[in-house]
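As a plain string of letters, each chain reads:
Number of protein chains: 4
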Amino acid sequence: MMIVMKPEATTDQVEAVVERVESVGCTAHVSRGDELTVIGAIGDRDHVQALGLEGAPGVDHLVPILKPFKLASTQFRKGERSVFDIDGRKVGGEHFALIAGPCTVESREQTLEVADVVNDAGVSMLRGGAYKPRTSPYSFQGLGGEGLKLLQEAKERTGLPIVTELMDVRDVEDVVEVADVIQIGARNMQNYSLLAEVGRTDCAVLIKRGLAATLEELLMAAEYVLKEGNERVMLCERGIRTHETAYRFTLDLLAVPALQEMSHLPVIIDPSHAAGRRDWVKPMSLAAAAAGADGIIVEVHNEPEEAICDGPQALATESFADYVDQVRATAEIAGKQVSVVA
Amino acid sequence: MMIVMKPEATTDQVEAVVERVESVGCTAHVSRGDELTVIGAIGDRDHVQALGLEGAPGVDHLVPILKPFKLASTQFRKGERSVFDIDGRKVGGEHFALIAGPCTVESREQTLEVADVVNDAGVSMLRGGAYKPRTSPYSFQGLGGEGLKLLQEAKERTGLPIVTELMDVRDVEDVVEVADVIQIGARNMQNYSLLAEVGRTDCAVLIKRGLAATLEELLMAAEYVLKEGNERVMLCERGIRTHETAYRFTLDLLAVPALQEMSHLPVIIDPSHAAGRRDWVKPMSLAAAAAGADGIIVEVHNEPEEAICDGPQALATESFADYVDQVRATAEIAGKQVSVVA
Amino acid sequence: MMIVMKPEATTDQVEAVVERVESVGCTAHVSRGDELTVIGAIGDRDHVQALGLEGAPGVDHLVPILKPFKLASTQFRKGERSVFDIDGRKVGGEHFALIAGPCTVESREQTLEVADVVNDAGVSMLRGGAYKPRTSPYSFQGLGGEGLKLLQEAKERTGLPIVTELMDVRDVEDVVEVADVIQIGARNMQNYSLLAEVGRTDCAVLIKRGLAATLEELLMAAEYVLKEGNERVMLCERGIRTHETAYRFTLDLLAVPALQEMSHLPVIIDPSHAAGRRDWVKPMSLAAAAAGADGIIVEVHNEPEEAICDGPQALATESFADYVDQVRATAEIAGKQVSVVA
Amino acid sequence: MMIVMKPEATTDQVEAVVERVESVGCTAHVSRGDELTVIGAIGDRDHVQALGLEGAPGVDHLVPILKPFKLASTQFRKGERSVFDIDGRKVGGEHFALIAGPCTVESREQTLEVADVVNDAGVSMLRGGAYKPRTSPYSFQGLGGEGLKLLQEAKERTGLPIVTELMDVRDVEDVVEVADVIQIGARNMQNYSLLAEVGRTDCAVLIKRGLAATLEELLMAAEYVLKEGNERVMLCERGIRTHETAYRFTLDLLAVPALQEMSHLPVIIDPSHAAGRRDWVKPMSLAAAAAGADGIIVEVHNEPEEAICDGPQALATESFADYVDQVRATAEIAGKQVSVVA
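So the protein sequences, as listed, match chains W, V, Y and A. Number 219 in the working numbering belongs to position 219 of the first sequence; there are no gaps in the numbering. Number 469 in the working numbering belongs to position 127 of the second sequence; there are no gaps in the numbering. Number 778 in the working numbering belongs to position 94 of the third sequence; there are no gaps in the numbering. Number 1318 in the working numbering belongs to position 292 of the fourth sequence; there are no gaps in the numbering.
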């Protein structure tokens, strides 16, 4: 932590800060410039932050130097990237996870039909929502336990690992029975009880970035899961909220190289929710693959016009195989292979 | 819902949309202009939305006309503002709720000392956190149940109603034993399980706006609570995330008149978290009162420099009485009186 | 400038950075911590920045410590606030500049009628646009030179100083003949040719913050004017662009105390353009005064419903005197008096 | 334009609005729903907007239906994309414009060396800045006229068309003597005098999106140029300002398909300024090509560590040919060929 003093700060004020920094077991390095003095506090960031020096006499502002995340950091693995296994499919490194399926599990017929199509096209995992977070309390909230059973059936039929969302700590036992990857939605990215709870399961976790979350906050959310001992965490960028209203969210693809530099965890892109429209999902999927993402998660529907939820953004099953071919070719330019069971 | 067709849409495409709109029990009004055709779908917005017309042939885009919230809307109360009672203090209308107390309950001494000071200064309610949402899993997470007991003691001593945060559905029973107002934090504004759960209690609720939430989404969060039968809901603006980094968040005071026009619910401002600095809390408190807010919620600490959490933004107890005088005078210019027990 | 090295940076890499810092005449202070090394470069920020160290081997990132603005900074005046005179009216310090008038000069009758009303209500200056920046090339672009003449007539009639916008360097001579304050619009905040040009006039300048500009960038725009020798500069916050669509822009009142801490220049608030609606202009005007602003600039129209431009946000002349009374009372709570000719 | 009335609007209020709409030559279609009434105003959007109905009794809000841009719209060319010629290189449609060169023209040696390298690698055009918009008045502002001469020499030597920025209306004659494409920087996107001036030249124009501009505003800026008769306009996305601070700007690649749907004009991506770092420029360049962009504009430097301006983001000349190969392969997947002289 660097403590920048005001230009008019007195020697006494500088010394008072040094004393307080040392009182919590940190070392203080004082650099006096022509215009102002900067104090480097070397030691535990949390201890220094707890001092509340922002309000202290003579202090202008504090600049954090060390990143607050530890287990999620690149340094923790000494620069090596996390590569882990999800029911036989590798995620991370040179593997490209292609996750596809319906937004919401609506019926047995729809679920199995979509599962078959994406399986035939060679995807890595099947996604599908049983519990749906909805802005309106009057909207369809998902089939719940019934939906989980249909996902189980789809898994048995296709052999694909299942990615599905968990919203409520009280459902964790039911969800882990079916899920290979628990999805934490963007709205729950800072629901710390939920994060700690999935950290205690042995199920992999995909955490979606909140729509105003910084990359650092996303990594702190991952840290909540990692801290409980669960190492299989995927980060997911799904669009942030900006001033632009021509699309639902702004897909932030710079997050791919930036997160890969900050963390060893795999970075997945969800192009469907930002685009909000089927015809924009393909260009954004290819862009994600070209940017070096470790995977994408997309929505597919057998009858998009009849979908209960988010139909307009679902890819149609007819053209899905062609779509996969183009994604695969683009991922290869970026040095990655679509991950399938060995 | 207005459905705007593309300029090149054919008559058949227009008719197909009309047919689908009518198939879900809505009426379609077609307006043909020189350049394009607009179809007004009159009826249940959710039914029309479920049609997923954004992807349909010839459709350019959809424009929602009706607001999606109902119970929270101004129309629901026919333009009359909600005024309700919290343990003898009125909230809403001409009443200004002045809520003050420590960010976090840290110790018996600190809690009771701050409680006494704010009570002597004539505040409406006492705030204090027992469960604290923290970005880092390594930070102090609050005293939990022990903190609730201290709040209970402060309540018995001063008679002030208690405002405290709930983060986990599993803690709801413990919290309602002490709380007069359950606070839902900004990070949990779209934790729908939690909202529904507090909607089922008979405790008042204060919902903080998420840092990228629209006013409409905040009202939809309120709708989740109202729908369960709990009518005592307060909306709280606490700063949104923007491009500006000179402060932690950007306090959005236009939310005051805008929310008051959209909804009958009281609008409370939290100036402490956006400012992040003690000396900016007073100007923002006065600005909130001048803007016509129905109250403010601020942090006060007896020894701000020793605070475990958010010390730099806590008002000091010494100058608190003067602060209250200025807030009171400003609220009066805007036509409101600080609410105290009758 | 602090140069934060990567945790894995070698001693050679640290030394290479030190050498480059010293090669441009700066001093390098090295602080080695347990986890990483930080190098403080003491000296001219521009020289260090020109080194382009962001890309150098072993460097993680750079943290600027000194503010890039000099003449605009609080330190430049040793903490004393700028107070200057505009044709007999004081701006800054304990003076509250109340600037009012039509958005656009539309006709002789409208201009003079509004000028009389605001003059009678006791404002400090008259605003009015002759050159109008419009998003659409098909919209009315202002009366130009004809409008300037009408402002001249209003000035002679009322004695009020004139605030009017300049958009094109080629119009500077015409505008300074009439204007007491040249307004630089938000869209031109980083039109550096224009800023330098008005810096060379002896006319006061009001610079509106760009809708995505940081406070630091606003002060850098002021610096362009100050550098040319023009000391009478006012900063103006007029709303920033955020995700919220319930209003045109988000009025950022935290900019008031923040700018007043960073700079000695007066801070004016424009509540009309953010609100975009007449009934929200008053609460935001009072909030600005309560926040400690050095003035406000508002739009008034004699027949708002007939206004060519921005009519919906103009205050009506009938209720203007009452409005001024409330603004005056609120400014007094914040310690300021409305500025009128001595 | 749709005029949404308040739920409590009276029949008289509806009729008053209808009357005013008809008074400016538009037709009013009234749709009465169960909850509220919507009036469709069919005719010239500007006329309806000039009515200022937002403030009228009973009116809730207005929803614009028609896009405000005309010449830039897809409809203007009946869905056909603009393809034009710049000194023998095609831009638009299936052509991918690869524009590369130094950020700033610094010296004869640097300019010619970089020009040779990018020419050998097969780019479409050479970029280079002679006039540089700088946030600080103390930073290097470009070589000006001297820089233009160096660009002229590079053009004669390589035969590459020149893209260079214009900042001041008074420099237009000098710039058009050398430039094949005039670049309008992001900070000048709404400098309407400048836009109109370049619209009157016969030089192609590349307009960069302002960092808080909507796509619609970018198209309105293009409209200012098109309106003067200049048809060769390119749109350029270069990163928008968001809450994320891990990079300088957030590159918004959804702008590619969205602008291509809204307008017939070519869409170019500048990946260098958003990334701000050399190693992130390649993934973003590939992502832009994969997203279907009509070209990219990137910075290249022979000695990036010595660059006067923006060195950290310039690609190095050594690896430039490999970079071009990967961009070319990715553009081909998206159906485009790098444009070179026939």
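Quick caveat, the hints were computed from the structure, so don't treat them as lab data. Ideal placement from N, C-alpha and C gives every residue a C-beta, glycine not left out. Don't take every hint at face value.
[Unchecked claim] Think about it this way: if two alpha-carbon atoms lie no more than 30 Å apart in a straight line, the pair counts; the simulated DSBU-like pairs of lysine-lysine are: (1) W:Lys-67 to W:Lys-6; (2) W:Lys-227 to Y:Lys-690; (3) A:Lys-1175 to V:Lys-348; (4) Y:Lys-1020 to Y:Lys-839; (5) W:Lys-6 to Y:Lys-1020; (6) A:Lys-1362 to V:Lys-409; (7) A:Lys-1096 to V:Lys-348; (8) W:Lys-149 to Y:Lys-690; (9) W:Lys-78 to Y:Lys-690; (10) A:Lys-1032 to V:Lys-348; (11) W:Lys-155 to W:Lys-6; (12) W:Lys-90 to W:Lys-67; (13) V:Lys-678 to Y:Lys-833; (14) Y:Lys-911 to W:Lys-90; (15) V:Lys-348 to A:Lys-1253; (16) V:Lys-420 to A:Lys-1093; (17) Y:Lys-839 to W:Lys-6; (18) V:Lys-569 to V:Lys-412; (19) A:Lys-1362 to V:Lys-412; (20) W:Lys-70 to Y:Lys-690; (21) A:Lys-1253 to V:Lys-409.
[To be verified] Looking from chain W toward chain A, a few residues come up when the C-beta cut is under 8 Å (computed): (22) Ser-193; (23) Ala-196; (24) Ala-275.
Now the hints, each set against the structure:
{"no.": "1", "hint": "W:Lys-67 to W:Lys-6", "result": "holds, 24 Å"}
{"no.": "2", "hint": "W:Lys-227 to Y:Lys-690", "result": "holds, 24 Å"}
{"no.": "3", "hint": "A:Lys-1175 to V:Lys-348", "result": "violated, 48 Å"}
{"no.": "4", "hint": "Y:Lys-1020 to Y:Lys-839", "result": "holds, 25 Å"}
{"no.": "5", "hint": "W:Lys-6 to Y:Lys-1020", "result": "holds, 27 Å"}
{"no.": "6", "hint": "A:Lys-1362 to V:Lys-409", "result": "violated, 44 Å"}
{"no.": "7", "hint": "A:Lys-1096 to V:Lys-348", "result": "holds, 14 Å"}
{"no.": "8", "hint": "W:Lys-149 to Y:Lys-690", "result": "violated, 48 Å"}
{"no.": "9", "hint": "W:Lys-78 to Y:Lys-690", "result": "holds, 12 Å"}
{"no.": "10", "hint": "A:Lys-1032 to V:Lys-348", "result": "holds, 28 Å"}
{"no.": "11", "hint": "W:Lys-155 to W:Lys-6", "result": "violated, 62 Å"}
{"no.": "12", "hint": "W:Lys-90 to W:Lys-67", "result": "holds, 28 Å"}
{"no.": "13", "hint": "V:Lys-678 to Y:Lys-833", "result": "violated, 45 Å"}
{"no.": "14", "hint": "Y:Lys-911 to W:Lys-90", "result": "violated, 60 Å"}
{"no.": "15", "hint": "V:Lys-348 to A:Lys-1253", "result": "holds, 24 Å"}
{"no.": "16", "hint": "V:Lys-420 to A:Lys-1093", "result": "violated, 35 Å"}
{"no.": "17", "hint": "Y:Lys-839 to W:Lys-6", "result": "violated, 44 Å"}
{"no.": "18", "hint": "V:Lys-569 to V:Lys-412", "result": "holds, 9 Å"}
{"no.": "19", "hint": "A:Lys-1362 to V:Lys-412", "result": "violated, 50 Å"}
{"no.": "20", "hint": "W:Lys-70 to Y:Lys-690", "result": "holds, 14 Å"}
{"no.": "21", "hint": "A:Lys-1253 to V:Lys-409", "result": "violated, 38 Å"}
{"no.": "22", "hint": "Ser-193", "result": "violated, 25 Å"}
{"no.": "23", "hint": "Ala-196", "result": "violated, 25 Å"}
{"no.": "24", "hint": "Ala-275", "result": "holds, 6 Å"}
In summary, the numbered hints that this structure violates are 3, 6, 8, 11, 13, 14, 16, 17, 19, 21, 22, 23.
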